[in-house]
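Student: Now for the letters of each chain:
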Amino acid sequence: MARVKTYQEINEKIRKGEAVVLTAEEVSEMAKTASPEEIVEKVDVVTTATFGAMCSSGAFINFGHSNPPIRMEKIRLNGVPAYGGLAAVDTYLGATSVNADNPDYGGAHVIQDLLEGKDVILEAWGKGTDCYPRKHIRTVINKNTVNEMILFNPRNAYQNYNVAVNTTSKIKYTYMGTLLPNMRNANYSTAGELSPLLNDPEFKTIGIGTRIFLGGTTGYVAWPGTQFHTTRPKDENGIPVTNAATLAVIGNLKEMSSEFIQAAYYEKYGVSMFVGIGIPIPVLNTEIARRVSINNSQIQTSVLDYGSPGMPKLGQVTYEQLRSGEIEVKGQKIRTAPVSSLAKARKIADLLKEMIQRGEFLIQEPIQMFPTNTSLKSLIEIELPESEGGEL
Amino acid sequence: MNSVKRKVILRFPPQSGDKPLSYVLVKDYDIKINILKAEVMPGKRGSLLLEMEGKQENLDKGIAYLEAHNVECQPLEKRLKFDHVRCISCGNCTSVCFAGALTMNPQTWLLEFNKDECIACELCVKACPLKLFEIDFRDENG
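So the protein lines, in turn, are chains A and B.
FYI, the numbering for the first sequence is 1 to 392, going by my numbering.
FYI, the numbering for the second sequence is 1 to 142, going by my numbering.
These are computed hints drawn from the structure, not numbers from a lab.
Beta carbons: idealized from backbone N, C-alpha and C, even for Gly.
One thing to keep in mind: the hints can contain errors.
Simulated DEER-style distance windows between Cβ atoms [said to hold, decoys possible]:
| no. | chain 1 | residue 1 | chain 2 | residue 2 | range |
| --- | --- | --- | --- | --- | --- |
| 1 | B | K37 | A | E328 | 27 to 33 Å |
| 2 | A | S308 | B | K37 | 41 to 47 Å |
| 3 | A | E328 | B | Q15 | 27 to 33 Å |
| 4 | B | K115 | A | E354 | 48 to 54 Å |
Where chain A lies over chain B, by a calculated footprint (3+ residues, C-beta under 8 Å) [unchecked claim]:
| no. | segment |
| --- | --- |
| 5 | 33 to 47 |
| 6 | 105 to 115 |
| 7 | 120 to 132 |
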């Protein structure tokens, strides 16, 4: 009978410092000569990781109450708007929010400044109430003065992502980087065979409550991420060939490091944030062993034209081809470049591996598994009586 | 004696247009020149990024000749700044670098910057999401 391991069994080995831990790249290499049956016998945990720009990120902050107190209804942090509709002194600062006078500085930069221990100017306004009489405050905060700073990212760690090219005659500035005219470059994201959700494509071990490495500290999978899509077209290996599932993740921002959280500004696009995520996958059975054995030649993704409306699909390539430095699309050879850091992802996978080997990081069985058969809705426009409208 | 290559930013005074300076470099000093970038505004100062190849002795003489004609010469390396320490090796700059100066090491996937290959096209300045490049090709005096 095929070997089956339990979470308890694996965690016991971790506690004793006896667990065999490999990174997803190492296990893919091992799988060239070992069968899934052998891998489940030999390996207990496989570490996966990614370090890419993830726009749907941000932080909850509680500033503490001033004396006299203020009900903060409009909030600026270093000039960057933070949400003013969350009780008196709570806020959510989105990574992509920007300072109107300095649009290349945004929420992600404030988050980075805070976690690096820098002072940030907080300015807030309220209408003044009987219990919160104050109408304005301008002061300085840092990570030691605030009560909580919680990173909560609604959509991170995309399961696969598209390759971006541009067929038009004009340069396009996108979140996938600078796309040169006439398909003169092709940009790709995700860490391929090292990427978390490509190693557990059917979410057999990753679910709500999974303990993860987030931005340099321990975090958790809070929920399926927004735009969680499980019914995208899949290849013969059962891997979606375009961006599909996502993760909502949470962790203590005060414990994180700018080595694994980095603010970014994309020309003529805006602010985003690089987030480092590592996820351990327990090798419970041969099916999971087979999944984590997948390598770059077996993972495919779609090439989309980011220059044309509707982003038409132009082709499909493997990560092995993307990493080779050149792909062929519509008969044209195109130079490829990554836009997420494989070097950082490897560092995270190695760090997580060491933490597990030292017995410092146990595997948490999901409290609830993710939904299946989900898809996406588009925003339907319904005709309404005229409004003021206007531009941003 | 082996020939050497050097990339130099030349900044011309407004009234220098009447002298065939590059002709002299080629003819008198036997320097092979390749214009990588030019910014010329009539009546104002202009600048030129020139790759010069020739004998070391001739390059020195050629530059001395240019300086004698009020052309400022500065090695390109002095105008390139890149913050290695903060680089996360995301690869965004490599996607726009057609000169091959910025490449990903295919084993480590760390960014490698070979300044000798740089032609100061400045595409990396905008492509880097951390804003780690400064390639100042402009004339300091405006």
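Student: Could you run down the list of hints and mark each one as holding or not?
Tutor: Here is how each hint holds up against the structure:
no.	hint	in the structure
1	K37/B to E328/A: 27 to 33 Å	32 Å, holds
2	S308/A to K37/B: 41 to 47 Å	31 Å, violated
3	E328/A to Q15/B: 27 to 33 Å	53 Å, violated
4	K115/B to E354/A: 48 to 54 Å	35 Å, violated
5	33 to 47	violated (count 0)
6	105 to 115	holds (count 4)
7	120 to 132	holds (count 6)
The structure fails hints 2, 3, 4 and 5 (numbered hints given earlier, in ascending order).
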